[in-house]
Structure formats: C-alpha cells, structure tokens
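Participant: Now for the letters of each chain:
Protein chains: 2
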Amino acid sequence: MHYELYYWPSIQGRGEFVRLALEDTGAAYDDVARLKAGVPALTRFLQGGPGAYPPFAPPFLKAGKLVIAQTANILQWLAPRHGLVPKAESARIWAHQLQLTISDWLVEVHDTHHPMGGAFYYEDQKPESRRRAAHFTAERLPKFLGYFERLLANGYLLGRTFSYVDLSLFQVLAGLRYAFPRAMERLAPKHPRSVALHDRVASRPRVAAYLASPRRIAFNQHGIFRHYPELDA
Amino acid sequence: MHYELYYWPSIQGRGEFVRLALEDTGAAYDDVARLKAGVPALTRFLQGGPGAYPPFAPPFLKAGKLVIAQTANILQWLAPRHGLVPKAESARIWAHQLQLTISDWLVEVHDTHHPMGGAFYYEDQKPESRRRAAHFTAERLPKFLGYFERLLANGYLLGRTFSYVDLSLFQVLAGLRYAFPRAMERLAPKHPRSVALHDRVASRPRVAAYLASPRRIAFNQHGIFRHYPELDA
Numbered sequence: 000m001h002y003e004l005y006y007w008p009s010i011q012g013r014g015e016f017v018r019l020a021l022e023d024t025g026a027a028y029d030d031v032a033r034l035k036a037g038v039p040a041l042t043r044f045l046q047g048g049p050g051a052y053p054p055f056a057p058p059f060l061k062a063g064k065l066v067i068a069q070t071a072n073i074l075q076w077l078a079p080r081h082g083l084v085p086k087a088e089s090a091r092i093w094a095h096q097l098q099l100t101i102s103d104w105l106v107e108v109h110d111t112h113h114p115m116g117g118a119f120y121y122e123d124q125k126p127e128s129r130r131r132a133a134h135f136t137a138e139r140l141p142k143f144l145g146y147f148e149r150l151l152a153n154g155y156l157l158g159r160t161f162s163y164v165d166l167s168l169f170q171v172l173a174g175l176r177y178a179f180p181r182a183m184e185r186l187a188p189k190h191p192r193s194v195a196l197h198d199r200v201a202s203r204p205r206v207a208a209y210l211a212s213p214r215r216i217a218f219n220q221h222g223i224f225r226h227y228p229e230l231d232a
Numbered sequence: 000m001h002y003e004l005y006y007w008p009s010i011q012g013r014g015e016f017v018r019l020a021l022e023d024t025g026a027a028y029d030d031v032a033r034l035k036a037g038v039p040a041l042t043r044f045l046q047g048g049p050g051a052y053p054p055f056a057p058p059f060l061k062a063g064k065l066v067i068a069q070t071a072n073i074l075q076w077l078a079p080r081h082g083l084v085p086k087a088e089s090a091r092i093w094a095h096q097l098q099l100t101i102s103d104w105l106v107e108v109h110d111t112h113h114p115m116g117g118a119f120y121y122e123d124q125k126p127e128s129r130r131r132a133a134h135f136t137a138e139r140l141p142k143f144l145g146y147f148e149r150l151l152a153n154g155y156l157l158g159r160t161f162s163y164v165d166l167s168l169f170q171v172l173a174g175l176r177y178a179f180p181r182a183m184e185r186l187a188p189k190h191p192r193s194v195a196l197h198d199r200v201a202s203r204p205r206v207a208a209y210l211a212s213p214r215r216i217a218f219n220q221h222g223i224f225r226h227y228p229e230l231d232a
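As you go down the protein sequences, you meet chains A and B in turn.
If you use numbering that gives the first Met the number 0, the first sequence corresponds to residues 0 to 232, in order.
If you use numbering that gives the first Met the number 0, the second sequence corresponds to residues 0 to 232, in order.
Only chain A is shown next, with the shape it has when bound in the complex:
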C-alpha cells in the first residue's frame, strides 16, 4: 500500500516517529505537506473536509480509505502490517503502553521551552522556561531515562525483538542529545543500554540511509527538541 503522511513540513515533531517507522520498513509513502501544495491539502483535513474522521491535529496517515491520527494510534496500526511488533496481544499492548509513555515524555520536553503554552513565543516565557527546565533535567529526565534503561536489559524494549518503540526511543534520545547536550552527557554513564540502543537503531541500514538523506529534517528551534543553552544546566 502507498501511504500518505500529513505533517508540518519544516519540523521533525511528532510526525518523525511515523516517518522513522515508514523508513525503517521501506514502505512507500508521500510526505504530503513537503510536496507542492501539500500544506493546503493538510489543512483541508483539519477543517473537516474529506473523510468522516477529521483529525484534531497532525500527524495523520492516509492508508487507503482510512485516515488515522494521533502518533501512537498510527504506529499501533502500522506496526503489525510491517513486522514492527510481535503478533502476541500482550506484546502489542505493552508496546503501545510504552509508546504512550514516550508521548507523555515528549509533552514534558516541549513544556521546558513552552511552559506557558504554544500561544507565546519562547522569548516571552524565558524565566518560566528556565524554572521548568531546571526541574526537568534534574528530576524528570533521569526518571524517564531510568525507566527505559531498566527495560533494555535484553537489548530492545520488548526484549530480544526489535519493534517500532525502539525507533521512537531512538528519536527521543537523539532529540534530547540535541536539546540538552550537557545534561545528556552527564547522564550517559548511568544509561549505557540506552546509548547502545540509540547507536544500534541509528545503524540499521534503512534508518542510516534515511538519516543521511535530505528527507530527514534537521533538528531546529521550531520543533519539540530545541537547543537553548540556558535551559541545559
């Protein structure tokens, strides 16, 4: 099946978790909003245009007649069709549970530079960001990292079997290294399995090819992961 991914064209954001799954599995897809006239096509869906199931926000994936929104929902649907999750129900529930925990983590990352919400520029919430980020790097980041580190005892989050959640954890780790290089360097020695997971995923042939391609949008100051040195204590 040829997929259509709809997501903002200039950031990795939440869409990147879907891009990584599509790339790793070698699926055929268009990153629609990056094509000519793609952004208007995206916004038409949000205005409730085509389809009975209007997404609240991107990313969403068009797969035949289905239009699926919410990152974790998309991945949960996509993964079993491409061997990115084991068949057993318990493994799928567990994978989805971890993906939703990653979603929660992402919200907290975003809140480090936007504690007052998306309505205000970072420049208009700098003292608040500093206060929130200090707590994030001191308490929340080690808590999330420690949780996932413990699960990697056998190499991958689901044990010995690679799954889409490993792709997502790779993306979070890569993003955190970009946003908080000092905090992540300080925490690295305590999280050797996470460091190894990051490198193992990055060296998967299709992932490596994707990361080196122009399809991979660079981290920048508009996405979830932003590097503001003053927030990286």
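Hint data in this document are derived by calculation from the structure and do not stem from the laboratory.
Just to be clear, a hint being listed does not mean it is correct.
Heads up, the list lumps identical chains together, so a pair's fine if it works in one copy or across two of them.
Said to hold, decoys possible - For lysine-lysine, the following DSS-like pairs were computed, each having C-alpha atoms within a straight-line distance of at most 27 Å:
| id | residue 1 | residue 2 |
| --- | --- | --- |
| 1 | K61 | K35 |
| 2 | K61 | K86 |
| 3 | K86 | K64 |
| 4 | K35 | K64 |
| 5 | K142 | K61 |
Dock chain B against chain A, hints included.
Facilitator: Using the frame of chain A, we list chain B on its own:
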C-alpha cells in the same frame, strides 16, 4: 473476569475514565488502592515488583495475568470485551484516536494550574497559572469543545452508537464545569450537543448509580480539574 484497578485513592484523575467504563458495564472490580494496604500494593508495581511489564505511572488495570497501563490503552483493551465499542476496525481506531485527543486535552487542563510542572504547589505558580489559564479558556477550551461538538451530530461521538469515548467526554465536561463554571456557562449555548451528551451519559442507570454512590470521589483541589475562581475569567 474480576479486575483490579490501581489508581490514587483520593482523586478522580485519570483513573476515573477507567472507573466509568467499569461501572457503566457493570464489571466486577476492586479499586485496589482504596482498600486496606492498597497504596503499598500500587507502589510495588511502580517499583517493578510483580510482572514483566512495570507501569510508569497509574492508572493500571490487572486483568488475569495482564497488567495494562496508560488510560487510553486500558480503555482500548477493555471496551471490546464489554460492548463499549463497535467491532469494526475503523470504528475502534477512531474511538482510540478520540480518546487520545481527550488525553491531550487533559494535559492542557492540568497545565492551567500547574504550568511550571508538578514539582511546585499551585500556590508557588499562581501568576503563571493565571496567564496560562487565560489562554486556555479563551482559545484552547473553545477549540476542543468545538471539535467534539461537531462530532456529536448524531448524538454520540461514534454516531448513533454509544461507546466508551462518550463516557470519557462526559467526564471531561463534568470536570470542566467544576473547574471553570463561568467559562463553561458562557460556552454552553454554542455547544448544545455536548450539553445533551453530558446529561444523557449521566442518566445511564449504572452511571447514575455510580455518581450517587460513595465510590465516586468528589472533585477536589488535588486532581486534574480544580476550581480556582481566579483562573475562571
């Protein structure tokens, strides 16, 4: 099957979405942390004690050998077993998508009184809360309400069929009325279907019995929905 729900015993919080599903379907369950020695039983799971799948946070549901965490994940698993969602795959994906959008909405509700994060008391982030809540009631609340209102054209979120997502939307609407009575009263005339949905769910026999019982914890100043008059502009 006899379920065990694990959630903090003194708040509705995210656990309430699971409680409502269990109650509406008449399932047999223990709200474990509200029983004697229940909180230590809960924290044992969080410390990675029993089971291969340690939750990151409550709520989680024990169903036989399964331990399922993440509210939307629990509901997605529970609903088809109790006729709370249609059988068709497209309907289930759509229901889950809406539930995840409700999860996002809840984060924004919580952020109105905790923009600096859970590390600080509300009393230590009052000016920030006021700024964030003003934007929430002016922009985000109408946006979320408008989205769900549009979907209720045929009475329920999935059309003519009642589902677990209607229970969750009821809970959000009830919570918002508690937290932001003035904003919600102002917005009510524009959202008649949501008002009707709230009342229709509240009058379902098992839901009505639950809401009138001591099992329903009252809204209070420790949960997601808190009434601070200064935030309800």
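Participant: If a hint holds in the structure, say so; if it does not, say that too.
Facilitator: Hints versus structure:
1. K61 x K35: Within one copy only: 18 Å inside a chain, 49 Å across chains, cut-off 27 Å.
2. K61 x K86: both (23 Å within a copy, 21 Å between copies)
3. K86 x K64: both (24 Å within a copy, 18 Å between copies)
4. K35 x K64: within (22 Å within a copy, 51 Å between copies)
5. K142 x K61: between (35 Å within a copy, 24 Å between copies)
The structure fails none of the hints (numbered hints given earlier).
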